[in-house]
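*Asks:* Protein chains in written order, with this note's numbering: chain A, 1 to 88; chain B, 1 to 338.
No wet-lab data here; the hints were simulated from the structure.
Nothing false has been slipped in among the hints.
A few chain B positions that, by computed beta-carbon distances, are all more than 12 angstroms from chain A:
1. D109
2. K114
3. G115
4. K200
5. E218
6. K228
7. A229
8. H242
9. D244
10. Y246
11. Q272
12. E285
13. F297
14. A325
15. F329
25 angstroms max Cα-Cα, derived PhoX-like pairs, lysine-lysine:
16. K87/A - K146/B
17. K126/B - K43/A
18. K313/B - K288/B
19. K126/B - K86/A
20. K146/B - K16/A
21. K217/B - K16/A
22. K73/B - K43/A
What follows is a set of in silico ranges between Cβ atoms, one per label pair, in the way DEER data are often shown:
23. S25/A - K126/B: 19 to 25 angstroms
24. S63/A - T216/B: 34 to 40 angstroms
25. K217/B - P39/A: 36 to 42 angstroms
Bear in mind that the values here come from a model prediction, so they are computed numbers and not experimental data.
Where a beta carbon is used, it is the ideal one built from N, C-alpha and C, also for glycine.
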Amino acid sequence: MKYQIKVEGGFTGITKEYNGEMHFSPDERKAILKLLQNPVKSKNTGLRDGFVYSFMLRDGTSSYTAHFDEANLPITLRNVLARISKKS
Amino acid sequence: MCRSHQCHIVPPHILEELAKRGNISCKKTLNDAHRILARRNSALNDLLIRDAIPGHGDRLVYDSENGYEQQVKLVRKEGEGPINDLAVNQAYDNSGFVRAYFKESFGLDSIDSKGLDIISNIHYGKDYNNAYWDGDEMTYGDGDGKEFTNFADAIDVVAHELMHGITQFLGNLEYRGQSGALNEHFSDVFGTVIKQKFLKQTLEEADWLIGDAIVTKEFPGVAIRSMKAPGTANEFDNQPDHMDNYYSGADDNQGVHVNSGIPNRAFYLCCQEIGLDDCALIWFETLKVLWRTANFFDTLKMLLTTANTLKEKKKVHDSAPEAVARSFFEVGLTLEVA
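The following block holds chain A by itself, in its conformation from the complex:
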């Protein structure tokens, strides 16, 4: 799957962008797309200096976009981001 991930804000205010392609197992793929299609609404409006995460994944001809913050980024997507940032 092709990905485009943007991490902005934070104390540093330095935006990081990751573009590329990564292989996911069918179960992983299903879980990730489900999270992007049904993002949990953020619970916390008091966040200051938290990161804002924008995910865009392309699966064939379909693309899925979702935005998260520190309070609602699911651990599955955190792990995806950790793998990608380690790779880059």
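Following the hints, complete the assembly by docking chain B onto the known chain A.
*Replies:* Showing chain B alone in chain A's frame:
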């Protein structure tokens, strides 16, 4: 006159206008209403109602054990001695210094002036390059070791995050656009003030850098921001130092970490004229009278009002109001004359 019980039925835009005209009770009502609404929404999402727990301003340090949860393992609390973990002791000591500064300088009882406990979470996440305030507590990453190091180590970072908490309870500046840039500005102001106190520096000795202690030698720059020369701290630093270069894009909540460079530079200039302590007092007292949607011009207006009041009370230098006006003029902000 607007009393607090009458303000509840008054529409927010009228409350804001009255607050702008100096009505403290309307400002307080607005701030409280937004804070209560945010907390209620959060509580409803959690399907439980949390009551505020009165504290004693105690420091509590939790270890996230490199996971993404807060309050995982309590490792040090108020009165306990150092433990064998540098980040724990740094979060404890630095938050103690910040707490003492606000208590001694402004009589503030912890973050909310009501003794809110100061909770720090350290070792958050893996290679996590950030520190943040979440409305209740602070969270620090260890940094990735490549470009950033432990965020709890830096006194200006700790002061910056704690100040977000204080701003939440005093001015509650909305975190987007100009009010968001002001929210960041006040955090940088007290980050740099407290750093200079911590290092016992004079104005001349101070470097006016924010976050210089969390960047490695590999990082392409000397710090995260510069209050003296916004836009020069690193290769990514896009902070303007004048309204001519104001960022009007949508990124970063409409540039909250970008446009803060403009008032930051004004603060630096003002300090050169009347000193750090006078400026800190004027800025802190101004934050108390600002409101949720205040912009740069509103803030300048209130800074001038506050400077005049403090001058009359002989609490700041006689030239303070002129120094404030001149500093903001230098960054392209002047009050419109009707």
